[in-house]
Amino acid sequence: MPLLWLIVAVLVVSGAGYVLGRSRAVAQAGGDTRALHSLPFYYGANVFLKIVVPAFGLLILWLLIQPLVVDRVVSGTIPADEVREGSSIGLVMAEVTRTAKGMTNAVAEGALSADALRDGSMDPEEVTQALKDAGQVVTSTLTAPIIEAAQLRNRMSATGSVIMSVVVMLAALAGLVWGVRESAPAFRARNVVEQGIRVMLIGAASIAVLTTIGIVLSLVFNTVEFFRLYPASQFFFGLEWAPSFSGRGGASDLGVLPLLWGTLYISLVALAVAVPIGLFAAVYLSEYASPRMRAVAKPLLEVLAGIPTIVYGLFALLTVGPLLVSVFGDGGMLGVSWQGGGRAVMTAGIVMGIMLIPFVSSLSDDIINAVPQAMRDGSYGLGATRSETIKQVVLPAALPGIVGAILLAASRAIGETMIVVLGAGAAARLSLNPFEAMTTVTAKIVSQLTGDSDFASPEALVAFALGMTLFVLTLGLNVLALYIVRKYREQYD
Amino acid sequence: MTDATSIPAAPEDGRRKSSLRTLDARTRRRNAAEKRFRFYGLAAILVGLFFLVVLGVTIVRSGLPAFTQTVVSIDFTLSEEDYAKAEGQLFKTKAYEQIFNAALVTSLEERGVEAEFDAKAINRIMGKPGATIREHFRANEGDLGTPVQFELSAASRVDGYFKGRVTRDGFVDSRFLQASDLDLVDALAEAGIIRQAFNWNFITGADSGVDNPGGAGIGASVVGSFFMMLVVLFLSLPIGVAASIYLEEFAPQNRFTDLIEVNISNLAAVPSIVFGILGLAVFIQFMHLPQSAPLVGGLVLTLMTLPTIIISTRASLKAVPPSIRDAALGLGASKMQSVLHHVLPLAMPGILTGTIIGLAQALGETAPLLLIGMVGFVARGYPDGFIAGFTEPNSAMPAQIYTWAARADVGFYEKAWGGIIVLLLFLLTMNIIAIILRRRFERRW
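Protein chains in written order, with numbering that gives the first Met the number 0: chain Y, 0 to 492; chain U, 0 to 444.
The following block holds chain U by itself, in its conformation from the complex (with noise of 0.2 Å):
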């Protein structure tokens, strides 16, 4: 290396090219150019994220006012000849709203209520109370001729007024609502007659008719919902892990395991709605499965998962060592006991995760839902039993959330918007189990 000073030195007349010290315009392009790409990356980075919380501030935005319901708390009085005298009528929850409504008229002017009314005006308020009214005292008989306090919800048009969806500007007077009425309502709203309350009927009750969005809730869903995630997991956790453990730790190389294997990759890549197709045609054509019912669903969206909890399966089972089931085998344990008895117990818990992952996924699918005929049926009620839970028509959340947004009445989007919000409550639940699952009991070998 003696000859490293026989470089040639850099010539001294000025012509120098180039230094490391100040940049030339070709490496200010290049590093123009890197700093760019960069950019770039980090742009593409930001704006998913972007979208992400966009996503998420809508649906909250969009969505919390489902929880919340314009109520008319006021105390009310029914003497047993009122009540005798609509039980007599031909239209009974008419009857009630008309008694009530007289009654709401005469305790507002008793209160002085600065505000012009007129019994009408009360009846385009109010929603429809003769129903909750007439059930409250069929049910208490003893509470006739004494004041009871009502929480009755407002008409759907002035539930939309206090969350916005109502505004006076541009406002049309129709039969269901008039200008002046808003006068009224926040007359009203100011004696704290009207108010807005939590909606628990949203979460408890079950979908109204198509008229009205007021009286909509999401619970018969869930409870849909529920027995069909129950068939998933009794179905596809069994199948999932014995498949699985067939495949990883049995199945001989030869074309049927091939085939296997071929088609289970496939099937995860089907589209959900060929799962549908499927469940139209083999459990209710031919197997004549009733429509509608979770059952059905919960097969559908069993036959959906399976793949991809087989492909989480494999990933534990293969993640344990070998050596375990060499020491079980040398200490004389058959093969199948190495694998029941030492491998599955260890791969238990990353099991659990992939499956409740795949559980998730199928708790938020609708696609195939709407080809068994689970949407179209308004689940009014709850099941009757646990069995009937799994064989009688139901809703699901996911397919309750479509009905909803299909809907023409602009009040069920809000309802849609708070559907979302419960069911990714739901998922994020079972995301964070999966996710202490795997903290808690992940192990490297």
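Chain Y extracted, bound-state conformation (with noise of 0.2 Å):
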């Protein structure tokens, strides 16, 4: 593992570099410390900061754009014959780096000679037999482009790795001459120190925002990808999901409606499920329980929300689905036969309303909290009731945050992934029968990104404008639901 010495190696350029650093300060100081301008550990430190953020700043921008420029290079040498009908550059270039890996390992475990590789004495056929003998994955016989494709990857990264560890280590040297130099007792140390950590702390702090970056720009390349091969009219306003299973066929079609019905319907049902159930329990807790009985029953229900979502996903799929044909379904309980099988709208809207009956219930009952005492006092001075003064004091004064806390859970609703993978069905549909399979945006962007599907085809690309639907739906709730509720806060504090 070179990397892994590599990194042992700056490693200990930088403690050499800290020791050096603080000794040669102390020293010239005279040993007395007094004399420093600041503490000796800061003059390690700055040593050690000035060999390790260069040599591991230049460590990861080589390792993440060397792939890139090795990969352009060997694509260019594969001559365009060699990308066969219904195949596309991209699968060529897995089979060169899937041989390229196999090379590499088979050669280390002697199954290959590395000479007869390199000489081009076997032909094609025989390195593929090798390979497989090697229990490498090779598709299919290989040809001689992809194999010299491959070896050129080889050699390519192999130079590559030599010329980083070569740079790093100067650059971790050149940090250590550079910082040792400057350990003078004069020097503030603490200062440059402390400003290299503030800089630190902003990069981590800027990491939510590259993040947001990242999946801005993932959404809109592969989405205008998308949409270069499929009319965006067709996606907003199409009535019919029916990718082809092909993958190639290009007689999909992908309307995005029924599975925002389908997502819209199964989050209604959640919410009616949990807003009735979520705000009844909040106020309860906030105005007539115990503060025991609070003690208990807000962390209990709060357990809801901590559950992962599989599990309801496996609840919805197991045991609500069968339970609810066995009521609604062929000669249920109810003899009416109005659901077909267990994944139903119903099911999963039932499931991810008890999901969210937590969600609803402590926002709401933070919201309810925060109305102040003397409205209260002054409603009951009036002779009203204690639930009279909720219902028409209390619950319009904590309306706007109800709202938020409403939206913020339908937005969790919309996004929920694993109940509906597991309890609402594979197909899309425009009914509105709550008892019939549909699916949802979410399920879809799971079922067309999984699997061996090649990402160039529409069908795999729709996947990531489902994505940017979904996340401009959430992100609009979310700051919808934010902006009522900070509105509403401004009000009482």
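Treat the hints with caution; some may be incorrect.
Pairwise CB distance ranges, derived in the manner of DEER restraints [as the list claims (entries may be wrong)]:
(1) Leu63/U with Ala8/Y: 36 to 42 Å
(2) Ala271/Y with Leu328/U: 54 to 60 Å
(3) Val215/Y with Gln290/U: 31 to 37 Å
(4) Ala83/U with Val166/Y: 57 to 63 Å
(5) Leu63/U with Gly305/Y: 20 to 26 Å
(6) Tyr379/Y with Phe49/U: 46 to 52 Å
(7) Lys93/U with Glu224/Y: 48 to 54 Å
(8) Tyr482/Y with Leu63/U: 43 to 49 Å
(9) Arg35/U with Ser289/Y: 31 to 37 Å
(10) Asp257/U with Ser156/Y: 42 to 48 Å
(11) Pro78/Y with Ile310/U: 50 to 56 Å
(12) Leu38/Y with Asp257/U: 32 to 38 Å
(13) Gln195/U with Ser156/Y: 51 to 57 Å
(14) Ile310/U with Asn368/Y: 51 to 57 Å
Heads up, simulated DSS-like pairs for lysine-lysine below, C-alpha to C-alpha not over 30 Å straight-line [claimed, not checked]:
(15) Lys162/U with Lys390/Y
(16) Lys486/Y with Lys390/Y
(17) Lys84/U with Lys127/U
(18) Lys119/U with Lys93/U
(19) Lys119/U with Lys84/U
(20) Lys34/U with Lys84/U
(21) Lys297/Y with Lys317/U
(22) Lys91/U with Lys34/U
(23) Lys297/Y with Lys390/Y
(24) Lys93/U with Lys162/U
(25) Lys84/U with Lys297/Y
(26) Lys486/Y with Lys34/U
Derived coverage of chain U by chain Y (criterion: at least 3 residues anywhere in the stretch with Cβ under 8 Å from a Cβ of chain Y; other residues may be distant) [as the list claims (entries may be wrong)]:
(27) 45-52
(28) 396-405
It should be emphasised that the hints constitute simulated quantities derived from the structure, not laboratory data.
Note that CB positions come from ideal geometry on N, CA and C, so glycine has one too.
Mind docking these for me? Both chains are given alone in their own frames, and the hints should help you get the complex.
Below you can see the structure in the form of structure tokens.
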């Protein structure tokens, strides 16, 4: 593991740098640390930072850029006729990557001789056979250009990592010299180190911004790519969702409306379960419950929010679904045959509602508690009962906050994945029957992006457009909710 | 106040409208409404708790069977000739199976088990014992010729019979199991040859193929989750703490700070699947990191948990009173020293509590893992080493549970529930640690 050794080497140099910087400063001050501008620690830390930051920065950059450069060069050497009908350069490059890795492994195991590979004395069939014998994954018989490209890739990566090790070590040593030379009693080591730490803190804080940028860019680029292959109007207004399974048929209907309808319908059912229960629970907890009951019931309800969604998904698939079928299904308790299978809007909606109860109740509880006591006292003083006070004074005052809480819960419901993947079904339908299976945006993102799909096909790229839709929807709801909540808070603070 | 008596007395002619002692209809109605309202609230809480109980009972009831397994325990002697013969065959495990089943038939006949049976029935009852037997004798050649006690897992349908998944009424004979076999199974159970045993393989083993629910274990994916959590811990804790320190202690009031704040609160509400898309596009498509690797899963979950950790860390930094900072500054510490030497250590218990809760959240998260290819990958073994643990494809607990739930064989559902019990035990442990930390170190200033 040369990379690991490189990291260890840099760390060793930086450790040495710390000791050197510190001792040099102390020695120059004649052993009297009072003559130093900063504490001795800072002189060492200064050298340490000057070694570690540039060296690791370079290392990370190199590791990110090298594969891109290598891929570019390698894919340039592949002749155009190597890309077969119905294939793409991406698939060929994947084959090259696989072959290159297989060769490295096979050579390491001794199943292939590196010399034989280098002088080209083996023909492609022999190489393929040797790789297969060594247990490496090779899909079909390799062709000469692919083997050459794979070897080029291996050679370039090998030289690349040698150069990288040299450059990184040079950077570390340069940092060492620079830092140690600075270590003199008059040098303001603490200010420099603190400035460095400050920059790192800012860097850490900007990761949130970078993440958002990353999300937006990865969604936008792929969505634009998708709209180049598939008309946007058909995506936004299409009433059919029927991706072709071959992946390259081009005859897919990718309308988002059935998915949006499924998403909204399931979310509506979920909110119809969660909002009344959550709201009444919040009112009871904040207005009626004794402190002891509150101390028990509130955390217990919140456990519902801490349970992983995969658990709810399984609960929907294996417990609630069959239960609903036994009530509403063929030969069920009600004697109606509304529900055909366990996966349905109701199944997913009810389970999602259970999951959302604590969201609604906790947020509403906080908001109801924030209503000033004076308003309640005023109402009691006029002779209102508790429930009248709640209905006519507390809830209206808390209404904006409660609406915000419900919107946040709705955004959760729209973005929820596991429950609908397992509980809602896979068929996209525009129907009003809540006992039918429908599917959602999130479920389709999962189904379009898992499996061996070609990332360049519209069937896979549509997932990014769906993701974009989802992102915009939930973001809109969140911003709206936060806006409402914040506006409300200003009234009483 | 001497005029108080001048308030007109109640009319004496009995036209008195109301009294404090007897409730009039309207008050009764209002009181009833009050009671009703109160009851609704209580009912709502009870319904919520009811759901919790149902969920818990379902998990325990459906999941516990995964921890037991029906085993056939039997003494078996393999002679050296048979060993040599079996090793010489093309289908070696099959050969072992035949030898073993023949031996079982003789042994049962000797014992005089009171049921009709033939070699085929034995074949149906046993799972696939060949591989286990072969491995044992290849590892311990000295055992050849002496009786060895084996505990071999029974076929998955026999397992189902013991756990109530397969019942006698409505039983349809198939090539997997016939009704007459159940009599044999009962007889064997009576003779103590077939019994229920704790399924260690479920806890330590790896995933099996789609046709062998009995052999599936969650161990390998626990290891995958562990490596992912290592990544999350070592990235999100330092980054989260650094970001919080900056925002809480140093950030000036300007647009950039506002931008960061808005981003953090928005990221906390972005659906987890969107982080999966980000991971797929950036880490796998763009950076070419290996698919299905715990490293990638850890990176995605780090980005996802960062907002949670930042929010809780800021809360605990805010809880440290300003007098601590002022005292440090007054003694000549720099701003950075006051924060790093005094505020941060005091806030550390709160930060750790928040981090553990964030980790627990990340541990149970499934959706992003689906997109970076942790599903569909059959984690057949443990990673080869520490580095390989990060970079080699593996599954993670929630992804493994999803994989099992999506498989056609009903036998896997039991495993999925069992996996949930394991997952919830981990979550419970983490949350209890967080609560203990909070209880022990929480300080009111």
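To see whether the hints hold, each was checked on the structure:
1. About 52 Å separates the C-beta atoms of leucine 63/U and alanine 8/Y, a value inconsistent with the hinted range of 36 to 42 Å.
2. About 55 Å separates the C-beta atoms of alanine 271/Y and leucine 328/U, a value consistent with the hinted range of 54 to 60 Å.
3. Under the hint 31 to 37 Å, the C-beta atoms of valine 215/Y and glutamine 290/U, about 23 Å apart, miss the expected range.
4. Roughly 60 Å separates the CB atoms of alanine 83/U and valine 166/Y, a value that falls within the hinted 57 to 63 Å.
5. Taking the beta carbon of each, leucine 63/U and glycine 305/Y are about 22 Å apart, inside 20 to 26 Å as hinted.
6. In this structure the supplied range 46 to 52 Å is violated for tyrosine 379/Y paired with phenylalanine 49/U, their Cβ-Cβ distance being about 33 Å.
7. A hinted range of 48 to 54 Å holds for the C-beta pair lysine 93/U and glutamate 224/Y, which are about 51 Å apart.
8. A hinted range of 43 to 49 Å for the beta carbons of tyrosine 482/Y and leucine 63/U is consistent with their spacing of about 48 Å.
9. Distance hint check: the CB atoms of arginine 35/U and serine 289/Y are about 20 Å apart, inconsistent with the given range 31 to 37 Å.
10. For the pair aspartate 257/U and serine 156/Y, the beta carbons lie near 44 Å from each other, so the given range of 42 to 48 Å is met.
11. Roughly 55 Å separates the CB atoms of proline 78/Y and isoleucine 310/U, a value that falls within the hinted 50 to 56 Å.
12. Distance hint check: the CB atoms of leucine 38/Y and aspartate 257/U are about 36 Å apart, consistent with the given range 32 to 38 Å.
13. The beta-carbon spacing between glutamine 195/U and serine 156/Y, approximately 54 Å, falls within the hinted interval of 51 to 57 Å.
14. A hinted range of 51 to 57 Å for the beta carbons of isoleucine 310/U and asparagine 368/Y is inconsistent with their spacing of about 20 Å.
15. As the CA atoms of lysine 162/U and lysine 390/Y are separated by approximately 52 Å, the hinted pair breaks the 30 Å bound.
16. A threshold of 30 Å between alpha carbons decides the hint, and for lysine 486/Y with lysine 390/Y the separation of about 21 Å falls inside it, so the pair holds.
17. Only pairs whose Cα atoms come within 30 Å are accepted, and lysine 84/U paired with lysine 127/U is accepted, the gap being roughly 19 Å.
18. With a C-alpha separation of about 14 Å, the suggested pair lysine 119/U and lysine 93/U falls inside the 30 Å cut-off, and the hint holds.
19. Simply put, lysine 119/U and lysine 84/U have alpha-carbon atoms about 22 Å apart, close enough for the 30 Å limit, and the pair holds.
20. The hinted pair formed by lysine 34/U and lysine 84/U fails the criterion: a straight-line CA distance of about 83 Å is larger than 30 Å.
21. Proposed proximity of lysine 297/Y and lysine 317/U is supported: the alpha carbons are some 25 Å apart, at most 30 Å.
22. Taking the CA atoms of lysine 91/U and lysine 34/U, the gap is about 76 Å. The hint is violated against a cut of 30 Å.
23. For the hint linking lysine 297/Y to lysine 390/Y, the alpha-carbon distance of about 22 Å falls within 30 Å, and the restraint holds.
24. A distance of roughly 28 Å separates the Cα atoms of lysine 93/U and lysine 162/U; the hinted pair therefore holds under the 30 Å criterion.
25. Restraint check for lysine 84/U and lysine 297/Y: not satisfied, since their Cα atoms lie roughly 68 Å apart, outside the 30 Å limit.
26. With a C-alpha separation of about 34 Å, the suggested pair lysine 486/Y and lysine 34/U falls outside the 30 Å cut-off, and the hint is violated.
27. Using a Cβ-Cβ cut-off of 8 Å, 5 residues of the stretch 45-52 of chain U lie near chain Y, which meets the minimum of three, so the contact claim holds.
28. For the stretch 396-405 of chain U, the stated coverage by chain Y holds: 5 residues have a C-beta nearer than 8 Å to a C-beta of that chain, and at least 3 were required.
The earlier numbered hints that this structure contradicts are 1, 3, 6, 9, 14, 15, 20, 22, 25 and 26.
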